[in-house]
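Student: Chain by chain, the residues run as shown.
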Amino acid sequence: MDEIIGGLVRAVELILTLNPEVVQVTFRSLGISVTSVLLASTINIPLGGLIHFSDFRGKRALVNLIHTLYSLPTVTVGLLVYLLISRSGPLGWLDLLFNPAGMVLGQAILITPIMLGLTITALDAISRDIRDTTMSLGASEMQSLRAIAREAQPALVSAVLLGFGRALSEVGVAMMIGGNIRGHTRVLTTAISLETSMGNLELSLALGIILLSISLLVNLAMSLSQRR
Amino acid sequence: MRTTIATLLAVLLCLPMAIAADDSADSGSRLKIATTTSLYDTKLLDLLEDKFEEEYGIELDIVSGGTGIAIQYGEKGDVDMLMVHDKAREIKFIEDGYGLYRRCFAYNYFYVIGPSDDPANIKGMNASSALKTIMEMGMQDPAKSKFVSRGDNSGTHSKEKSLWRAAGVDSATINATGDWYVEAGQGMGATLMMAEEKQAYTLTDMSTFMAYRGNMTLMPLIEGSEDLLNVYAAIPISPVKHPNVNCAAAQTFIDFLVSAEGQEMIATYGEDKYGQPLFMSALGQCDVMGCNETECATPAAACPAPA
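Line by line, the protein sequences give chains A and B. At position 22 of the first sequence (counting the first as 1) the number is 22 in my numbering, and the numbers step up by one without a gap. At position 76 of the second sequence (counting the first as 1) the number is 76 in my numbering, and the numbers step up by one without a gap.
It is worth saying that the hints were derived from the structure and are not from the lab. This one's a predicted model, so the numbers in the text were calculated from it and none came from an experiment. Heads up, the beta-carbon is just placed ideally off N, CA and C, and yes, glycines get one too. There's no promise every hint is true.
As the list claims (entries may be wrong) - Chain A stretches covered by chain B per the calculated footprint, using a threshold of three residues with CB under 8 Å from any CB of chain B: (1) 84–93; (2) 178–184; (3) 189–198.
To be verified - Take a look, some chain B residues computed to stay more than 12 Å from chain A by CB distance: (4) R30; (5) N215; (6) P299.
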């Protein structure tokens with residue numbers, strides 16, 4: 001119990017004094033997660049749209065597969081990406097292992113199923129009626145698409161936020177691919193895991209609180225930008 | 001509204017560049033080391049890293065995990081050297097051609113810890129007969145005597161298995177002998193916390209126990225027994241197997257580790273924080289550590305040319 005209170009106090013202390021190591025780790029966490037979300041969004045939102053708007057055999061099976069992959073364990077993704085980018089693996093020459101770029105790749109793969117799945121769901125929920133209505137009112141294909149995108153925006157934003165949350169809070173990929181190297185690939189979650197194993201329970205809790213604060217800030221910023 | 005989004009986007013787009021910049025700052029020679037948690041979690045390596053980087057200008061990337069994953073990294077050529085504590089697996093690693101040689105650089109002793117009233121009465125025994133006694137007591141009455149095992153194939157787990165072997169117990173089937181044996185499948189810290197909750201016996205490395213001691217009531221019951229010896233060794237990965245490894249930097253770091261300066265740092269580390277050093281210097285202690293002459297040679301043999 002004392003540790004929880006101690007953790008809170010420590011968190012406030014670390015934030016107020018801008019502890020350089022904590023600041024560095026926090027920004028690295030944020031940078032890597034944001035980059036992986038940008039990468040995953042750029043690929044998955046258009047891809048989700050493509051899947052939604054096209055009819056092909058096995059579409060339902062594909063959507064089911066995507067939903068199944070929501071449960072992809074982070075360590076499994078870490079392991080698969082590790083085997084790909086290990087020096088002995090097919091992409092070893094890219095030198096991604098134990099580098100932030102490799103972590104971005106791993107996290108982007110990790111959140112791909114949810115972002116893809118939620119994009120499809122978001123479009124499914126609205127597009128049938130809107131498309132019919134706008135088309136019947138004489139809108140062009142492009143105008144109709146734009147209307148759909150506007151309607152789907154809140155759901156898409158929450159897909160992006162969910163992807164960001166999963167990327168920021170996961171530890172399997174960050175540990176396996178990044179290696180938790182001090183000053184290079186250490187992020188908040190791997191630092192939390194390290195501090196816990198070293199018995200620094202208060203510091204560990206404090207880092208968890210900092211991670212949540214970051215998430216709060218990003219969510220606030222997103223909801224502000226959503227307000228019209 | 002538009003400006004908010006624009007600002008947000010600008011900030012988000014700058015972040016990746018910030019990471020990239022952070023990365024390019026440390027170009028030059030890099031040395032990747034895979035090490036065990038028990039060595040890393042003490043922060044001894046952080047100290048050695050700072051000193052070494054300052055003196056030699058070689059950037060150290062230290063990845064810490066169990067001995068099992070460290071050896072995997074080594075076999076695949078993802079790191080340039082290992083710092084581990086599992087003699088049998090180290091020797092196999094070298095025999096398989098992945099490692100060049102084994103250099104002993106520090107040692108300490110494992111502890112068998114347990115409740116202070118010592119229900120199985122193991123005090124004064126050597127470690128393997130203590131474990132045997134805990135087992136016999138536990139099979140009669142698991143409420144009185146329990147043992148928590150790491151169960152994660154780490155170096156400490158290997159040590160436990162070799163102690164069971166010495167006691168004539170088959171560690172592969174031990175889990176079936178009753179509730180007294182608990183396999184944690186986790187790191188040392190988590191295992192210590194579990195042993196504390198259950199008021200059980202466990203085998204621990206000295207340094208992790210020191211770090212946790214403040215939160216615990218369990219006490220070291222067997223310390224300094226010869227069969228609890230814990231030797232840390234460094235192994236450069238062979239450039240013959242993996243031509244990309246930075247063997248020269250690994251040699252430089254190993255020579256630094258066993259130099260008078262490096263040994264002094266190792267032998268005094270932890271004194272101020274725990275009242276006693278966590279590791280003992282390897283200098284002149286070859287026999288105590290059970291290492292042979294080549295495992296203690298300075299400077300180490302040269303790097304062979306890549307095949």
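Student: A separate judgement is required for each hint: does it hold in the structure or not?
Tutor: Structure-based check of each hint:
Counting residues of the region 84–93 of chain A whose beta-carbon sits less than 8 Å from any beta-carbon of chain B gives 4, enough to reach three: the coverage restraint holds. A stretch counts as covered by a chain when three or more of its residues have a beta carbon under 8 Å from one of that chain; for the region 178–184 of chain A and chain B the count is 6, and the coverage holds. Only residues whose C-beta sits within less than 8 Å of a C-beta in chain B count toward coverage, and the region 189–198 of chain A has 4 of them, enough to reach three; the restraint holds. Distance check on R30 of chain B: its Cβ comes as close as 9 Å (rounded) to a Cβ of chain A, failing to clear the 12 Å threshold; non-interface status is violated.
Not every CB of chain A lies more than 12 Å from the CB of N215 of chain B, the least distance being 7 Å, so the non-interface label is violated. Distance check for P299 of chain B against chain A: the nearest CB is about 27 Å away, which clears 12 Å, and the non-interface claim stands.
Of the numbered hints stated above, those contradicted by the structure are hints 4, 5, listed in ascending order.
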